[in-house]
Amino acid sequence: MGHWFSRNIVEPGKLPMLLALTAFVLTFLITRTITRLIRAGKGPFRDLSSGGTHIHHVVPGVVLTVLGGFGAVAGGRYGLGAAVFAVLFGTGAGLVLDEFALILHLDDVYWTDEGRKSVEVVVFTAALVLLGLVGFAPFGVNDVTADERQNRAAFLLSLAVNFLFVLVTLVKGKFRTAVIGALIPFVALIGALRLARPGSWWARRFYRRRPRARARSRIRGYRGDKRWTRVRRRVQDLIGGFQERTPGRGSTSD
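Counting the sequence shown from 1 gives a position; this note's numbering is that position plus 674.
Where hints are given, some of them may not hold.
With a straight-line cut-off of 30 angstroms between C-alpha atoms, the simulated DSBU-like cross-links for lysine-lysine are [to be verified]:
id : residue 1 : residue 2
1  : 791       : 900
2  : 791       : 688
3  : 791       : 716
Per label pair, the in silico range of CB-to-CB distance [to be verified]:
id : residue 1 : residue 2 : range
4  : 726       : 906       : 33 to 39 angstroms
5  : 908       : 717       : 42 to 48 angstroms
6  : 786       : 725       : 23 to 29 angstroms
7  : 681       : 883       : 52 to 58 angstroms
8  : 748       : 684       : 17 to 23 angstroms
9  : 786       : 838       : 36 to 42 angstroms
Don't read these hints as lab results, they were simulated from the structure. Yeah, the Cβ is synthetic: ideal placement off N, Cα and C, and Gly gets one too.
Make the full structure from the sequences, and use the hints.
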């Protein structure tokens with residue numbers, strides 16, 4: 675195990691990424707736990723305020739992200755400094771993205787349905803970083819052989835085809851599939867071949883005179899949303915602690 679860790683994580687310079695990801699996930703989980711305790715009025719935790727102004731944890735998150743980001747750029751991928759700045763960056767990013775919905779809506783929507791976007795963004799970010807950590811590269815570069823890399827034409831063609839799949843998936847209204855497909859081309863291929871989501875640019879442009887395709891798109895979109903929204907909400911409830919509002923000392927997000 676130690677040899678594998680050294681060969682695949684330490685030597686390639688991926689240790690800072692692993693530390694940042696670990697700090698990111700732990701910070702999010704700890705922050706969610708504390709905010710749930712504040713909301714329930716349990717424990718010693720209280721909302722932070724200064725001069726009557728509520729201080730959201732996105733504020734120290736921004737500071738830590740800036741310090742960690744600039745420090746990581748200046749410090750490289752090896753050594754104690756790289757590890758420390760990676761932890762700072764991961765911690766700050768966890769605090770910031772935990773209140774992503776607040777930044778998006780410019781309102782304290784932490785415990786509302788709009789606030790679920792924060793949990794979704796955090797899970798999505800952690801998944802993408804994990805894919806990068808284990809070796810997935812954008813547009814299938816990791817799937818290209820050494821001979822194809824030496825053949826510039828074949829290499830560029832492979833990149834162009836994979837990028838085209840991602841682009842088609844994106845204009846079909848499948849943002850999550852497109853982002854994952856940028857790292858796993860097979861996913862982008864499936865997204866590019868399947869029907870577009872209703873309301874997407876592709877559906878408006880190419881299904882305008884195809885009523886059957888338009889109807890199938892709406893039915894499939896409805897069924898997919900009905901199936902996966904319920905699952906997604908349950909996962910968000912489990913991770914983010916969403917529930918019916920109960921009276922307590924803490925009413926906001928921090």
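Lying within 42 to 48 angstroms: is that true of the beta-carbon distance residue 908 to residue 717?
-> 26 angstroms, violated
Do the beta carbons of residue 681 and residue 883 sit within 52 to 58 angstroms of each other?
-> Given a distance of about 57 angstroms, which is inside 52 to 58 angstroms, the answer is holds.
State, for the Cβ atoms of residue 748 and residue 684, whether the hinted interval 17 to 23 angstroms holds or is violated.
-> 21 angstroms, holds
Sort out whether residue 716 lies within 30 angstroms of residue 791, counting only the CA atoms.
-> 26 angstroms, holds
Range hint compliance [Cβ, residue 786 to residue 725, 23 to 29 angstroms] = Holds, since residue 786 and residue 725 (Cβ atoms, about 26 angstroms apart) stay within the stated range.
Within 30 angstroms, alpha carbon to alpha carbon, are residue 791 and residue 900?
-> Measuring from Cα to Cα gives roughly 18 angstroms; hence the hint holds.
When you check the alpha-carbon spacing of residue 791 and residue 688, does it fall within 30 angstroms?
-> Holds, at about 29 angstroms.
For the pair residue 726 and residue 906, does the Cβ-Cβ distance stay inside 33 to 39 angstroms?
-> 37 angstroms, holds
Cβ distance range 36 to 42 angstroms for residue 786 and residue 838, holds or violated | Taking Cβ atoms as reference, residue 786 and residue 838 lie about 38 angstroms apart, which means the hint holds.
Going down the numbered hints, you'll see the structure goes against just number 5.
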